[in-house]
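Mapping the sequence shown onto the UniProt record's numbering, position 14 (from 1) lands on 14, and the numbers just tick up by one.
Hint data in this document are derived by calculation from the structure and do not stem from the laboratory.
Don't take each hint at face value.
Here are the simulated lysine-lysine pairs, DSS-like style, with alpha carbons at most 30 Å apart [said to hold, decoys possible]:
| # | residue 1 | residue 2 |
| --- | --- | --- |
| 1 | K196 | K267 |
| 2 | K295 | K267 |
| 3 | K284 | K153 |
| 4 | K121 | K15 |
| 5 | K267 | K187 |
| 6 | K15 | K55 |
| 7 | K75 | K196 |
| 8 | K55 | K75 |
| 9 | K153 | K183 |
| 10 | K183 | K121 |
| 11 | K73 | K121 |
| 12 | K121 | K275 |
| 13 | K187 | K153 |
| 14 | K183 | K196 |
| 15 | K15 | K284 |
FRET-style restraints, in silico, Cβ to Cβ [unchecked claim]:
| # | residue 1 | residue 2 | range |
| --- | --- | --- | --- |
| 16 | R43 | A134 | 55 to 61 Å |
| 17 | I36 | D314 | 24 to 30 Å |
| 18 | E29 | Y157 | 34 to 40 Å |
Ideal placement from N, C-alpha and C gives every residue a C-beta, glycine not left out.
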Amino acid sequence: MAEIHDLEKLKQSLKVAEMYYEDDLSQTEISKSVGISRPTISRLLQYAKDNGLVKIQIVNPLVDAKILEKQLKQKYGVNIYVVSNNYGHSHSLQERVGKYAADFLAKVVRHGDVIGLGWGKTIHAITQQVEEQAVSDVRVVELKGSVSYSEEKTWAYESVNELARVYHTSPDYLPLPVIFDNKITKKMVERDRYIKRILDLGRSADIALFTVGTVRSDALIFQLGYFNDEEKKQLQQEAIGDVFSRFVDRNGEIVNQQIDDRTIGIKLDELRNKKYAILVATGKQKTAGVHAVLKAGYANQVIIDQGLAQLLLDM
């Protein structure tokens, strides 16, 4: 009789567990449905756990992110920080990663540092979330030209102004097109004393904060009026993205020297000399660009989302 009783209890526990865990019914709802008191439902659920009918697994995205970080560091040899899917309070992936990068930046900036930055939505998502800092004598400089020929927002001035405000300093602008119509004009402009001072300041920056662009038709760099249709088509065929508006292939090498000669701002090999060369990126469309930066050694600190991290690990 005891065996029959145990079998019936097992069946009853299984049924109650299925209703509770799979059908997402409350204990009160189950009690009404099966005609058993709520305390008995609670005991049956406990019986189901004790006898291995139910196994509860807690999935911690922070742990998953840490595992990915360790695997990526082993693969690429640099610090890669993976932002978990529940980091911060924003629903926007870009804002969550931006918040992480803002917090990271606040930890590494020291007295007297020069911070150089690019522009774009990703950079702006960082600078608008950096909290006011107590460090002093910090300089903030643009690492590439920021004037365009369109109404499309680059967030260049907003970003440099926000960061300068946080560190109680005046921003150092590079108020030029990032890509000139020809290299002769660019070289003449580079000789200007003010421009030379800004470029030299950028080269000496302790920290470079940047992202990667894509070569999709809707990429920001293609909306700014720098290229004719033929140049755009050529870049889309040869490049996988841009870093500081310098177009690179899968190995991080410049793909079109003529266009690069027209580009003003920090050169990519200069990133290797930075104390912190911080690459921040979100979204699977940035995978090839981030991989190219890692392959070329342009970044020594990388901050990315979990989905992008998994794609990089699988490459």
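How the hints compare with the structure:
no. : hint                     : in the structure
1   : K196 <-> K267            : holds, 14 Å
2   : K295 <-> K267            : holds, 16 Å
3   : K284 <-> K153            : holds, 23 Å
4   : K121 <-> K15             : violated, 52 Å
5   : K267 <-> K187            : holds, 14 Å
6   : K15 <-> K55              : holds, 15 Å
7   : K75 <-> K196             : violated, 39 Å
8   : K55 <-> K75              : violated, 34 Å
9   : K153 <-> K183            : holds, 25 Å
10  : K183 <-> K121            : holds, 28 Å
11  : K73 <-> K121             : holds, 26 Å
12  : K121 <-> K275            : holds, 24 Å
13  : K187 <-> K153            : holds, 26 Å
14  : K183 <-> K196            : holds, 16 Å
15  : K15 <-> K284             : violated, 42 Å
16  : R43 <-> A134: 55 to 61 Å : holds, 57 Å
17  : I36 <-> D314: 24 to 30 Å : violated, 49 Å
18  : E29 <-> Y157: 34 to 40 Å : violated, 57 Å
In the structure shown, a violation is registered for the earlier hints numbered 4, 7, 8, 15, 17, 18, in ascending order.
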